[in-house]
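Chains as they are written, first to last, in our numbering: chain A, 1 to 456; chain B, 1001 to 1269.
Hints are computed from structural coordinates only; laboratory data are not their basis.
Using N, Cα and C, we set each Cβ at its ideal position, and we do this for glycine too.
Warning: the hint list may mix true and false statements.
[To be verified] To give an idea of the interface, some chain B residues facing chain A are shown, with a C-beta separation under 8 Å as derived from the structure: (1) Gly-1024; (2) Arg-1026; (3) Thr-1157; (4) Lys-1158; (5) Trp-1198; (6) Val-1235.
[Said to hold, decoys possible] Taking CB as the label site, the calculated pair distances span: (7) B:Ile-1253 with A:Leu-316: 40 to 46 Å; (8) B:Gly-1083 with A:Asp-314: 29 to 35 Å; (9) B:Phe-1018 with A:His-11: 34 to 40 Å; (10) B:Val-1182 with A:His-269: 32 to 38 Å; (11) A:Asp-314 with B:Phe-1018: 21 to 27 Å; (12) A:Glu-325 with B:Asn-1156: 28 to 34 Å; (13) A:Pro-242 with B:Ile-1253: 56 to 62 Å.
[Said to hold, decoys possible] Computed cross-link-like contacts, PhoX-like style, restricted to lysine-lysine with a CA-CA straight-line distance of at most 20 Å: (14) A:Lys-272 with B:Lys-1236; (15) A:Lys-403 with A:Lys-393; (16) B:Lys-1236 with A:Lys-318.
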Amino acid sequence: MSPVSVVGVSHLTAPVEIRERFAFAPGEAEVALGALRTETEVQEAVLLSTCNRTELYVCPGGNEGVQEAAERVLAEKAGDVVGGTKQYLYRHDGEATVRHLYRVAGGLDSLVLGEAEIQGQVKDAYELAGRNPGTPALAGPILHRLFQSALAAGGRIRSTTPIGEGAASVASVAVDLARKIFGGLEGRQVMILGAGSTAELVVEALARDGIRGLVVSNRSHERAAELASRLSGRAVHFDEMPFELARTDILIASTSAPHPLVTRDGFRHARKDSQSGPLLILDLAIPRDVEPEVGNEANVFLYNVDHLHEILDDNLLKRRESVPEAEAIVDQYAREFLQWYGARDVVPVIRSLRARWNDVRERELERLWRKLSHLPANDRDVVEAFSKQLLNKLLHDPTKRLKQGIGNGRGVDFIDAVRYLHDLETEEADRSEGSGTGDDEEAEGIGVDVTPAKDQ
Amino acid sequence: MTHAVALLLYVGSLILWFRSLLSGGRGRGAVMAFALAAAGVAVHLLALARFTTEFGQLPLNGLGPSLSTVALIIGIGLVATLGLGEGRRVGIVLVPVVILLEAVAVSLGIEPAPEMLDWQGAWFAFHVTLAFAGLGGLAVAFASGLLYLVQLHELNTKRMGRLFQFTPPLATLDRLGRTALVAGLITFTLALILAWLWTINFGQSSDLWNPKVFWAVMCWFIFVAALGVRMGDGVKERRSALASVVGFSLIVISYLGLRLVSSEGGFFL
Chain A
1 MSPVSVVGVS HLTAPVEIRE RFAFAPGEAE VALGALRTET EVQEAVLLST CNRTELYVCP
61 GGNEGVQEAA ERVLAEKAGD VVGGTKQYLY RHDGEATVRH LYRVAGGLDS LVLGEAEIQG
121 QVKDAYELAG RNPGTPALAG PILHRLFQSA LAAGGRIRST TPIGEGAASV ASVAVDLARK
181 IFGGLEGRQV MILGAGSTAE LVVEALARDG IRGLVVSNRS HERAAELASR LSGRAVHFDE
241 MPFELARTDI LIASTSAPHP LVTRDGFRHA RKDSQSGPLL ILDLAIPRDV EPEVGNEANV
301 FLYNVDHLHE ILDDNLLKRR ESVPEAEAIV DQYAREFLQW YGARDVVPVI RSLRARWNDV
361 RERELERLWR KLSHLPANDR DVVEAFSKQL LNKLLHDPTK RLKQGIGNGR GVDFIDAVRY
421 LHDLETEEAD RSEGSGTGDD EEAEGIGVDV TPAKDQ
Chain B
1001 MTHAVALLLY VGSLILWFRS LLSGGRGRGA VMAFALAAAG VAVHLLALAR FTTEFGQLPL
1061 NGLGPSLSTV ALIIGIGLVA TLGLGEGRRV GIVLVPVVIL LEAVAVSLGI EPAPEMLDWQ
1121 GAWFAFHVTL AFAGLGGLAV AFASGLLYLV QLHELNTKRM GRLFQFTPPL ATLDRLGRTA
1181 LVAGLITFTL ALILAWLWTI NFGQSSDLWN PKVFWAVMCW FIFVAALGVR MGDGVKERRS
1241 ALASVVGFSL IVISYLGLRL VSSEGGFFL
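All chains should be built: construct the whole structure from the sequences, respecting the hints.
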């Protein structure tokens, strides 16, 4: 039986204007998960919603009704979409779902290969499904195990392969460079020349690391003021730029000026009285805003568009080269999860098998005691111990092979065969009238791990 | 035996440093390498403490004990970078220096000096310890200076490979190098003052061409030069890094040279 299914939409199936319609805010996600609870067939659910994907993981897998319920939740969120929502949605079931989640957590399915943010987003989604005040959590034993394992797989992919190595966007290259020059960015002064969108992204990335102040300078002061207010900075007139340059640690230039705005002579003049330390210049403009000779000045680190793209190409190539290694980790974790899940099916069978032959053993002993009524109690104990030992030895290999069968994908066949050959259907029916399942307790006795994964 | 354990821990640490370098500093390799080096320092300290209690003298006299003590002080310098984040990665340069010194010490034998000179009192212990601490400071400045030049090269060649990722930020390295130089200069100056006082007290030679005097004065000037180049315009951080690297190399080379040419027995260290 399939453990889990996923229904979702991602950057691979839908453009951003469609994806944003499927996106859930945290509060909305809780409501949606609550609505799913009313669907009687849905036993467990986790909703993952990021800017590049919205996915609903549901248990049990292989169940059309459960998958349709999940689809309905997503379709209701998206509302009316031209041509319907189905064209953008994908479904995976069973092993494909497991592998998909591991690939997602490892950044293999991300828009930017190997990006790290998704790991935290998967964790948040899992935690959200795990805390529903007043009601039982929607992430039950299967999704708990699956998501813990996915987070472990993602962590291992990032720590043992170069998939997340090196920056993968101009903004992250800028942050990496700034960190390696200044150490921390706390208290650093940033100046933007121009009002380009890439420069804005770079500043947003730098701001997350705690820069002190931002100055925006542009030919159009209105545009500078608008950008400055959006980024909590200060707009200055273009002719004040040299004065600000003397106090700047990071300069981002992205104007559309036809000639360099920062010349070597102008730069020397601007910083001649300055005791300032290093200056990082990111010249994102074409034609360039900063004369290349400025890069030869002491303590200046000048990067233009070509430099940045060379770095990005190199980093992305390294990331792509590490994909086979990362996929091997996905395979390993998927195999382990499916083994664990399969073991959940095999536990009742092993329990029934043992119970069945233990009953036979006890009956035969009763008959024997009637025939050997003169046997002293000590001798009876010896015979009884022998019978138990014999039973254990007889069942040892079948039990071991059953568990191995789960690992090599033949588990279901073996379970059916054992049930049939040992007439376990009758046994299980008799036992089910007796007590509860007691799977975990029984599994412990026969050495099958059905406990959820430990927190990683 | 305890020295061998310390040496093994240092070697293990060095292997982990290089593994961390190859992975661009990702994962916990650098943390493990630092922890192993710190364990090596603890065992090393224990070994020299046992030497002191066993032989009733500090391990400051005789080539083997002295080299081992210098190695330990450099190791302590590394442990002192604990709170510096990526700055701890100077261990990749310092640990090989420690291994080299300790290996030479172990191969020469870490045994007590056969003769006790009359000026080997508490003042001598202070003098030598302060001088060794000064050299330890210069070793840390050398390591941070070397990594500073490596990182600067990576930035100037616009590469952001594993070496770039592993090497600490320029600002961190500069701060570490400056602190190590200042601390080293203070302790080394105090050591020289004490040495001068003994020379007067015990009638020893203070002739500048005495190898001990020449080497000690040269070391002091190297400290001053490495700090002095920070004044003036231009990239003072780069100048200081370069001066630390060249200065430390000069000290090591001149020491080896003086040991080879000096006919004077009992040349220190």
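Hints, verified against the model:
1. About 6 Å separates the beta-carbon of Gly-1024 (chain B) from the nearest beta-carbon of chain A, less than 8 Å, and the hint is met.
2. At about 6 Å, the closest approach between the beta carbon of Arg-1026 (chain B) and any beta carbon in chain A falls short of 8 Å, and the interface hint on this residue holds.
3. At its closest, the beta carbon of Thr-1157 (chain B) sits 10 Å from a beta carbon of chain A; the interface hint therefore is violated under the 8 Å criterion.
4. Using the Cβ-Cβ criterion of 8 Å, the hint placing Lys-1158 (chain B) at the interface with chain A is satisfied: the shortest such distance is roughly 5 Å.
5. Using the Cβ-Cβ criterion of 8 Å, the hint placing Trp-1198 (chain B) at the interface with chain A is not satisfied: the shortest such distance is roughly 43 Å.
6. Contact between Val-1235 (chain B) and chain A, as hinted, is supported at the beta carbon level, the nearest pair being about 5 Å apart and thus within 8 Å.
7. Restraint check, Ile-1253 (chain B) to Leu-316 (chain A): a C-beta distance of roughly 45 Å satisfies the suggested window 40 to 46 Å.
8. For the hinted restraint 29 to 35 Å between Gly-1083 (chain B) and Asp-314 (chain A), the CB-CB distance of approximately 33 Å keeps it satisfied.
9. At about 39 Å, the beta-carbon gap between Phe-1018 (chain B) and His-11 (chain A) stays in the expected band of 34 to 40 Å.
10. The given range of 32 to 38 Å is respected by Val-1182 (chain B) and His-269 (chain A), whose C-beta atoms sit roughly 34 Å from each other.
11. Separation of Asp-314 (chain A) from Phe-1018 (chain B) is about 22 Å and conforms to the stated range, judged on CB atoms against 21 to 27 Å.
12. Between Glu-325 (chain A) and Asn-1156 (chain B) the C-beta distance comes to about 32 Å, which sits within the given range of 28 to 34 Å.
13. The hint said 56 to 62 Å for the Cβ distance between Pro-242 (chain A) and Ile-1253 (chain B), and at roughly 47 Å that hint is violated.
14. Only pairs whose Cα atoms come within 20 Å are accepted, and Lys-272 (chain A) paired with Lys-1236 (chain B) is accepted, the gap being roughly 15 Å.
15. Pair hint Lys-403 (chain A) plus Lys-393 (chain A) holds up; C-alpha atoms about 16 Å apart against a cutoff of 20 Å.
16. Simply put, Lys-1236 (chain B) and Lys-318 (chain A) have alpha-carbon atoms about 35 Å apart, too far for the 20 Å limit, and the pair is violated.
Hint compliance for this structure: hints 3, 5, 13 and 16 are not met, and every other hint is.
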